[in-house]
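Top line first, the protein sequences correspond to chains A and B.
Numbering that gives the first Met the number 0 puts the first residue of the first sequence at 0, with every later residue one more than the last.
Numbering that gives the first Met the number 0 puts the first residue of the second sequence at 0, with every later residue one more than the last.
Think of the hints as simulated: they come from the structure by calculation, not from any bench.
Hints are not guaranteed to be accurate.
[What the hints assert, rightly or not] To give a feel for the contact side, a few chain A residues facing chain B, derived at Cβ under 7 Å:
| no. | residue |
| --- | --- |
| 1 | Thr67 |
| 2 | Leu68 |
| 3 | Thr72 |
| 4 | Leu114 |
| 5 | Ala118 |
| 6 | Glu180 |
| 7 | His181 |
Note that the coordinates shown come from a computational prediction; the quantities given were computed from them, not determined experimentally.
For glycine and all other residues, C-beta sits at the position ideal for the given N, C-alpha and C.
Below, each chain spelled out in residue letters.
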Amino acid sequence: MIRVKINPIMAKNEKLSRRFFLKTTGVLTLLAAIPASLKSAYKQVKDFIVIQKKTAPLTISVNKKAYTLDSDTRTTLLDLLRENLALTGTKKGCDHGQCGACTVHVDGERVLSCLTLSAMVSGKEVTTIEGIANDGQLHPMQEAFIVCDGFQCGYCTPGQIMSAIACIKEGHANSVTEIKEHMSGNLCRCGAYNGIVESIQKVATS
Amino acid sequence: MKPFNLIKTKDPKDAVSQKKEQVQYIAGGTNLVDLMKKNIQLPDTLLDITDALSRQVDNQGRAIQIGAMTRNATVATNVMILRDFPLIAKAVLAGASPQIRNMASTAGNLLQRTRCPYFYDVTTACNKRKPGSGCSAYDGHNRMSAVVGYSADCVAVHPSDLCVGLVALNAKVHITGKDQKESVIPFQEFHRLPGNTPHLDNNLPEHALITSIEVPENLFGKNCAYLKIRDRDSYAFALVSVAAALHLDGDRIIEARLASGGVAHKPWRWLQAEQFLKGKRATASTFGEAAKLVVKDLKPLTHNGFKIDMLRGAVETALGQCLLD
Numbered sequence: 000m001i002r003v004k005i006n007p008i009m010a011k012n013e014k015l016s017r018r019f020f021l022k023t024t025g026v027l028t029l030l031a032a033i034p035a036s037l038k039s040a041y042k043q044v045k046d047f048i049v050i051q052k053k054t055a056p057l058t059i060s061v062n063k064k065a066y067t068l069d070s071d072t073r074t075t076l077l078d079l080l081r082e083n084l085a086l087t088g089t090k091k092g093c094d095h096g097q098c099g100a101c102t103v104h105v106d107g108e109r110v111l112s113c114l115t116l117s118a119m120v121s122g123k124e125v126t127t128i129e130g131i132a133n134d135g136q137l138h139p140m141q142e143a144f145i146v147c148d149g150f151q152c153g154y155c156t157p158g159q160i161m162s163a164i165a166c167i168k169e170g171h172a173n174s175v176t177e178i179k180e181h182m183s184g185n186l187c188r189c190g191a192y193n194g195i196v197e198s199i200q201k202v203a204t205s
Numbered sequence: 000m001k002p003f004n005l006i007k008t009k010d011p012k013d014a015v016s017q018k019k020e021q022v023q024y025i026a027g028g029t030n031l032v033d034l035m036k037k038n039i040q041l042p043d044t045l046l047d048i049t050d051a052l053s054r055q056v057d058n059q060g061r062a063i064q065i066g067a068m069t070r071n072a073t074v075a076t077n078v079m080i081l082r083d084f085p086l087i088a089k090a091v092l093a094g095a096s097p098q099i100r101n102m103a104s105t106a107g108n109l110l111q112r113t114r115c116p117y118f119y120d121v122t123t124a125c126n127k128r129k130p131g132s133g134c135s136a137y138d139g140h141n142r143m144s145a146v147v148g149y150s151a152d153c154v155a156v157h158p159s160d161l162c163v164g165l166v167a168l169n170a171k172v173h174i175t176g177k178d179q180k181e182s183v184i185p186f187q188e189f190h191r192l193p194g195n196t197p198h199l200d201n202n203l204p205e206h207a208l209i210t211s212i213e214v215p216e217n218l219f220g221k222n223c224a225y226l227k228i229r230d231r232d233s234y235a236f237a238l239v240s241v242a243a244a245l246h247l248d249g250d251r252i253i254e255a256r257l258a259s260g261g262v263a264h265k266p267w268r269w270l271q272a273e274q275f276l277k278g279k280r281a282t283a284s285t286f287g288e289a290a291k292l293v294v295k296d297l298k299p300l301t302h303n304g305f306k307i308d309m310l311r312g313a314v315e316t317a318l319g320q321c322l323l324d
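So here's chain B without its partners, still in its complex pose (with noise of 0.2 Å):
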């Protein structure tokens, strides 16, 4: 590891104000500590924001604000969110394992870096850890990679499962820019695909931090599931998962939504699905059409051709699942 100064910052405005290049912020550290063990991230400075930012989850009245800093296990364990909003506890629950839920802050999770095995291997060329050098996955061992998204200069998935959740709830990041002004951007701009520019994961101005979640309030608190399907029971990212939600009257849909991790770039929304389910009777053939509809247009790599019956067969069990209590 490269030696880096580290500071204490007290409060969003301190921890901007400080911020430039080779400076990286730390939270939990449970991603960047690995990638500067590896040297794949080699930061001059590092600012600790672990005391300048909420660690709490906070009732707005028609959303909940969930502080930057809040550990993923206090958020999986939060009564508000198992109350109202128990789509977000499935979701980080069935990502890493209770040490690092106990480490790693909400904030963090949205700007975790991918697992792609060649962005991790040095002595491969990756457009995301080296601009320019090519993507060594994309004609590789990309039995991981993405089946919608994608480009040529890269194939790499976002690795969250709260992420998941949260597009799928339409939730806005807080953030607080260089210029110390607030802003919001809705989650689902937030990620970006990665076109010919890979190395930028998303959307977030330069040295700008992320103070807080907001999720709005909703009606999926009941009928929702988080489905995840991996390499072993737990402890393992995604082949795909997906987040399913369902506003229901009766057995009439009033509203769906349906989204993924481990097939793009970014957590993925289904809405083309979701459309097709609005209106509709809850059905196991509803589910089996949405699922259609879902795989549709996706397009394999050579090695995960697989992920595209897994996706369909998840994403109609994840809507059966949304009726049982």
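Here chain A stands alone, though its shape is the one from the complex (with noise of 0.2 Å):
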């Protein structure tokens, strides 16, 4: 009598296989059946209720670098510049323009970049805290705020050095008042204050 060896796992696919197959073919039929129509329904709908989102053309220079790109309206500079150009060095606090975290510079000028939708500053200059250093060699006021103490956790920190820069631009640095006047925009909540308004006073004497 000649045995014929069955593997017992391929005698059990064998089986499976067939309902398998059967299965399958059965639910890819009914697939096939839906009507185009219902699919297209279906769009319809899911475009009723969730309303498309429209995007501008986008030309925006970045730390000196320019970028073209379709951006979501709603998009602000903030998201634009973490989520769109991953440069994450701009932080969200609040995002509601009352803690001054996401600082920036637009054509020069310290703005809040949460209230800033990317659409309307096409065409303009952005700084962020990635563009102040040069050549590896880290800006003053970095070196300030490393020297007096001018952070603790270190979220506020950008906010707080794109400020800083533009507060002695502005010429408002000539007294411990004046500096926090204004530096009120900026809020830290570890209370590195005092340090800060350090780094700003060894900035703006040297």
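Using the hints, put the two standalone chains together into the complex.
Have a look at this one:
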């Protein structure tokens, strides 16, 4: 007697595969049978419920590098920098213009990137914390923040530094009172304010 | 945020011709973008007016004309304003932060919405946000709310500092209407009291666009002060603020102007106290009497009674500051 050796696994597979084949082809046939009109009806319902995003072409220069892209009109400058351009140095604090963590320079002036629609800065020059060092040499304000203990956790620091540079440029670093008033748009929950004021004084007088 | 189209406009006529329901103008965006993020304002289309309007301050002989798009920071540093209209610069610098002043426009400052917490909290009733839903602040946390001119339907205050200075100096609002015609609204009549229609902040005709603010020549440049009292030293909305301006002949008051923020649905003029000051000697006791007149008929709500004493002191102090150099 010749014994045919059957691999038990193969036998099981063979048995399963017949049923599997029937089931699969059945489902596929069913899927293929859904009329195209039903699919388009679903798309129409979806379009009705989920409003289509609107995009706008955008040309922007960030840290002297030009970018051309299509962006959702809802995108703020802050989200554009962080999500689209991978420049995550600029921080999202409150996202409502209350904390100053997102401060960047647009055409040399400090603004809140969280309340700026990116489509409205098309054609303008944006400078972020990544753009102030020169050839690997830290900006004097960055140096000063390190030397004067101008931060603890560091989350508000990019905004503080961008604001501090503008504060001096605007001519508002002549006294502690004046510095505090003109840095009031940048909050620091660690309370590193004394170090921040000292950093600004150090750079202003050097 | 709801998706929207963004259209750049080139001049006031172009902007006005495209304005309709569900379409909003955007200038600095410091208030509107925030309101859109919170789904309080839901426009289909934004008309970018940043290039459509003047962004400079022009000397017109007997008045200055501040272009609607002039940034707050530009107003605060303009040589003409600092020399002849210092009250305006003082008021601007008391508001917001340097970043926001770099972004915010002059006309946008007039049109900013109240910061009443219930207006911003979409889970609560607010007649300004949703007409007919009720006023949560009237019997709620109304520490920041109005002490004069309010109604049971709304106790919100107008948040601007600049507007307090402008109302004191009898400014005028120049507009281009939907019919493309230009007209002028006196500043005192621009903002309105809430009554039973608090969803309307002002009397700007529907779809009209502010093109400039005119401030007439005056003799208040030498003796004026803006005093703002808030929960922290800087970058906070007013509990009360006072714009005071005196036109003096020696120590005799020829004319006085007195206005406040943080007290009403509109920048508020204290006309009775102004009248009282006219012709009097500029002394501490005169100022004290004027301050008493200011608070005489005020009716605080459940949690803002402190504003009465605070306002009285602020008026007295601000008038005193007018005499300092």
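Here is how each hint holds up against the structure:
| no. | hint | result |
| --- | --- | --- |
| 1 | Thr67 | 17 Å, violated |
| 2 | Leu68 | 15 Å, violated |
| 3 | Thr72 | 5 Å, holds |
| 4 | Leu114 | 5 Å, holds |
| 5 | Ala118 | 5 Å, holds |
| 6 | Glu180 | 5 Å, holds |
| 7 | His181 | 5 Å, holds |
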